[in-house]
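Novice: Protein chains in written order, with this note's numbering: chain A, 883 to 1006; chain B, 69 to 563; chain C, 695 to 783; chain D, 1232 to 1314; chain E, 29 to 171.
The set of hints was computed from the structure by calculation and includes no laboratory data.
Computed from a prediction, not measured in an experiment: that's the story for all the values here.
Every residue, glycine too, gets a C-beta built ideally from N, C-alpha and C.
Be aware that one or more of the hints could be misleading.
[As the list claims (entries may be wrong)] With the C-beta cut set under 8 Å, the calculated list includes, among others, these residues of chain E facing chain C: (1) Gly56; (2) Leu97; (3) Glu99; (4) Phe106; (5) Ala107; (6) Ala108; (7) Asn123; (8) Gly134; (9) Gly140; (10) Ile142; (11) Ile145; (12) Ile149; (13) Lys152; (14) Val153; (15) Thr159; (16) Leu160.
[Stated by the list, open to error] DSBU-like mimics (lysine-lysine), calculated; alpha carbons at most 30 Å apart, straight line: (17) B/Lys178 with D/Lys1309; (18) C/Lys781 with B/Lys98; (19) B/Lys379 with B/Lys178; (20) C/Lys739 with B/Lys528; (21) D/Lys1309 with B/Lys548; (22) B/Lys178 with C/Lys781.
[Said to hold, decoys possible] Label-pair distances were calculated between CB atoms; the ranges are: (23) C/Glu742 with E/Leu42: 32 to 42 Å; (24) E/Thr35 with A/Glu996: 42 to 52 Å; (25) D/Asp1260 with A/Ser1003: 24 to 34 Å; (26) B/Val501 with D/Phe1247: 54 to 64 Å; (27) A/Ser1003 with B/His175: 21 to 31 Å.
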Amino acid sequence: MIEILSNLLHNFYYLIAIILFVIGFHTMLSHSNLIKKIMGMNIMDTAIFLFFVSIGYVEGGRAPIIELGQDHVYVNPIPSALILTGIVVAVSVTAFALSLIVKIYQHYGTVDAEEIMRIRSREV
Amino acid sequence: MTALAAHVPALVVVNLLMCSYIMPVLARWKKHLCIPVALGSVSFSFILSIFLTFQVSRQGAFSYALGGWAAPWGIEFVVDHFSVFMLLTLTGVGLLILVYATEDLIHELKQDVVGWYYTLYLLLMGSMVGLALTNDLFNLFVFVEICAIASCAIISIKENRECIEASLKYLILSAVGSGGMLLGIAMIYMVTGNLNFTYVTEALPQAFELYPRNIMVAMSMFTAGIGVKAALFPLHVWLPDAHSSAPSPSSAILSGLVIKIYAAVFIKIFLRMFPWDVYETVPLMTIVLIMSSVGIVVGSMFAIVQEDIKKMLAYSSVAQIGYVFLGIGLLSQNGTLGGILHIFNHALMKSMLFMSAGAIIYSTGVRRISDLKGIGTKMPLVMSVFSIGAFSMVGIPMTNGFISKWYLAIGALDVDKPLYVAVILLSSLLNGVYYLPIVVNAFFGEGKESVTVHHKLPWKMTLPLIILASAIIITGIFPKLMLGLADKAVMFLLN
Amino acid sequence: MRQLLVVIFLALIANALIFTVVEMPPFGSPDNPSNNQVNQRYVEKGVEETGSINVVASVIMDYRAFDTLGEATVLFVAIAAALSNLKAH
Amino acid sequence: MTAVLTMIFQYLLLIFLVVCALAVARTRDLLGAVIIFASYSLVMAILWQQLEAPDVAVTEAAIGAGVTSLLFIVVISKTRRME
Amino acid sequence: MEDLILTMIVRLILPFIQIYGYYIIIHGHLSPGGGFPGGAIIGASMILFALAFNLKEGSNKISHDTSTLLESGGAFGFAALGFLGVFMGSNYLSNRAAGFPLGIPGNLISSGMIFLISIFIGVKVASTFITLFFNLVEGKTHD
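This is chain A alone, in the form it adopts within the complex:
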């Protein structure tokens, strides 16, 4: 038990990333407001990014900007490079989803998923 707890405390970054992932996922699933859903999606994505970046950290390492002629320990540059791409992907999805939400508001007069379902079932 104590070993599990100490492991969890040592891997605190991973733990928090997982908790954030679950919070974001919950926001996405259970909120009926569409804008809230997109915020939940962003929280979920940033949680994964935090997880990914903390994989690359090395104890006592420096940021991977090389000082020529010096012998330092540098952190792993690959996760940083991948996450740069990931952030842009997340903002692209967000932008498109928001433009869809604007259109939905114009057509239905609401941004609430349950209300939209009600409007649609009334039509049929």
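We have chain A already, so just place chains B, C, D and E on it with the hints.
Specialist: Okay, now just chains B, C, D and E, sitting in the frame of chain A:
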């Protein structure tokens, strides 16, 4: 020429992407060039795929290092039998759908967004071709995202509130799927230190001993993420709305190709990247089998009660994607062969059925199945093509649907799981229940008020239908054509 | 009812993931499997091979430049999607 | 000593992240939620700076906290502010 | 409804924000940053300008034609740059092998293709965010 020939794997993707980059400029200043450029770039990719097929059959699988950095350092494309099989399917069917779209879109979309449609179409094609070729996990993720956004966008482009709602639902669910995939990639990278499939495969057995939970979480994340995007049964909730409300060419490409490419990604990750002996300890493939067979039956049952023809076809896609996953889950040579063949066969059938449904809607404006009585005499060509597709869906011999079901059944018997043969037979019966009445009613039914044909079909809409229908018959009578390629693909995957 | 199901489902996921965290490679340790020859080469030879002293820049724009092309394409597809959607109505 | 202090600082920031995420989920006022989300992104950027990934930190501060929040605010101004 | 204090402050700080954005773009290979954050900062500064003054003036600063050209040009330029490698006998998107001069590491003009790609991406990102913002703002609220 010989110098350029080495760069064909990159060219086949980049050509589509570059043509899509210039498409907004063309749509603004040189509108008449949009269609020729789009058609030209897709057919150029088709020619290049044929070239790659010959190259692979001559010299075996080869890889292309992008940026000149060899495998673990850079991104690499691998051209093998499976990827050229996917390439041929994608570019061939995609070209025919594009020919159909050039005429259909004038009727379905506003004039000023047609240019954007071609942009999105080319981006979708480019990302799918990239998915078929790439051998790098993160590159795969980037292409998956392009594919997801582009496929949502070609639904929401229609001016219709159902489309926007369906598109947003699809986008949110596929964002969840992408998140799951990225978490899976993070887990794999964490324990193997590589992103390239080949190197991950090498490092996995050792990693599985040290960190089994990581690998298990990664596997379930990949299954859930790809399952959402490929509409594997309990995760299919977005598909019927999205595929039925979209413009007809979008429905054709979404149902025919996009969900198939995710199945191909599933094959790449689970049959090529993970070593097969993992499945002896992890019951993943059993879960996939159960999900897919329930999907086959339930999807067919939902399709029976639909009144809208496109909605019926969409539910039928839920059932048919189950066949592909059934073939993967059987983990036998013939089963995998059947699954891979069904990717090609269903791409032909479903895109043709959606296009003929679109042609019916284009000329008569009728969407309800009960109103289609007696349409066979008005539109004999479209309805006979539709009948060929329907027969192939049911799996009547002489059509290609029969071939893939045959191999799936043999594969199920090979690994001693006769239950799944029963599932296949039951589903063929159910397919017959909802497809054959349409055909019978169309030719022999007497409608109360007969349907009127408003528009005559232009040749650009009938030509793809005829080509696809004859392809279904030809590959049904001479199965050796695609079977040879698919067989080599399976042999490659088994290694 | 639906809320309860969602909470149970999320609790299961969280449980599985947190138990994974316990077994993960320790945070920040230089002996982790992710610190292998790939990133050593990037750090050691990156300056010489790409001429950029920021290794992250040399990874995203040279070693893995195709990812960045894909990333630019994602931005492009996002704007094409948003504009086609906003202009269509 | 400084190492311990940095560690405590990082752990506090991580807990702050969880609090922010919960607040985003609970707040009924969408504009408030966006502002909390922007501060969440900024704290995330600081953490990435702590993890020696300055490139990601700069990008997150510019795109995650800046542009994303801007887009959210535009959309909220065009729709409803309360949930 | 132009606010005097707001417009004055924006006039004062706008050049600095823009210079910071350009700095981040062109120093992408020397310091943290690169095309993406730099482009986002420039885009955000233009949006700030548009918000502080009336929206009309801001959207006039960059017309639809220009933004279309910039977006397509940024991405197309990047993809076309890769073909130089093909013609120089190396693979697509290669840097040193394609004959780009690497220069002395640490100098501003160095690292060949990385420098050029940063600029293309900066242009693309900035124009993308500006276009997205204005299109979201301009769309009619009610039919």
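Novice: Confirm or reject each hint.
Specialist: These are the hints, each one checked on the structure:
no., hint, verdict
1, Gly56, "holds (5 Å)"
2, Leu97, "violated (13 Å)"
3, Glu99, "holds (6 Å)"
4, Phe106, "holds (6 Å)"
5, Ala107, "holds (6 Å)"
6, Ala108, "violated (11 Å)"
7, Asn123, "holds (5 Å)"
8, Gly134, "holds (6 Å)"
9, Gly140, "holds (6 Å)"
10, Ile142, "holds (4 Å)"
11, Ile145, "holds (5 Å)"
12, Ile149, "holds (6 Å)"
13, Lys152, "holds (6 Å)"
14, Val153, "holds (7 Å)"
15, Thr159, "holds (6 Å)"
16, Leu160, "holds (6 Å)"
17, B/Lys178 with D/Lys1309, "holds (25 Å)"
18, C/Lys781 with B/Lys98, "holds (19 Å)"
19, B/Lys379 with B/Lys178, "holds (24 Å)"
20, C/Lys739 with B/Lys528, "violated (56 Å)"
21, D/Lys1309 with B/Lys548, "violated (59 Å)"
22, B/Lys178 with C/Lys781, "holds (9 Å)"
23, C/Glu742 with E/Leu42: 32 to 42 Å, "holds (40 Å)"
24, E/Thr35 with A/Glu996: 42 to 52 Å, "holds (43 Å)"
25, D/Asp1260 with A/Ser1003: 24 to 34 Å, "holds (29 Å)"
26, B/Val501 with D/Phe1247: 54 to 64 Å, "holds (59 Å)"
27, A/Ser1003 with B/His175: 21 to 31 Å, "holds (30 Å)"
Figure legend: structure checked against the earlier numbered hints; hints not met, in rising order: 2, 6, 20, 21.
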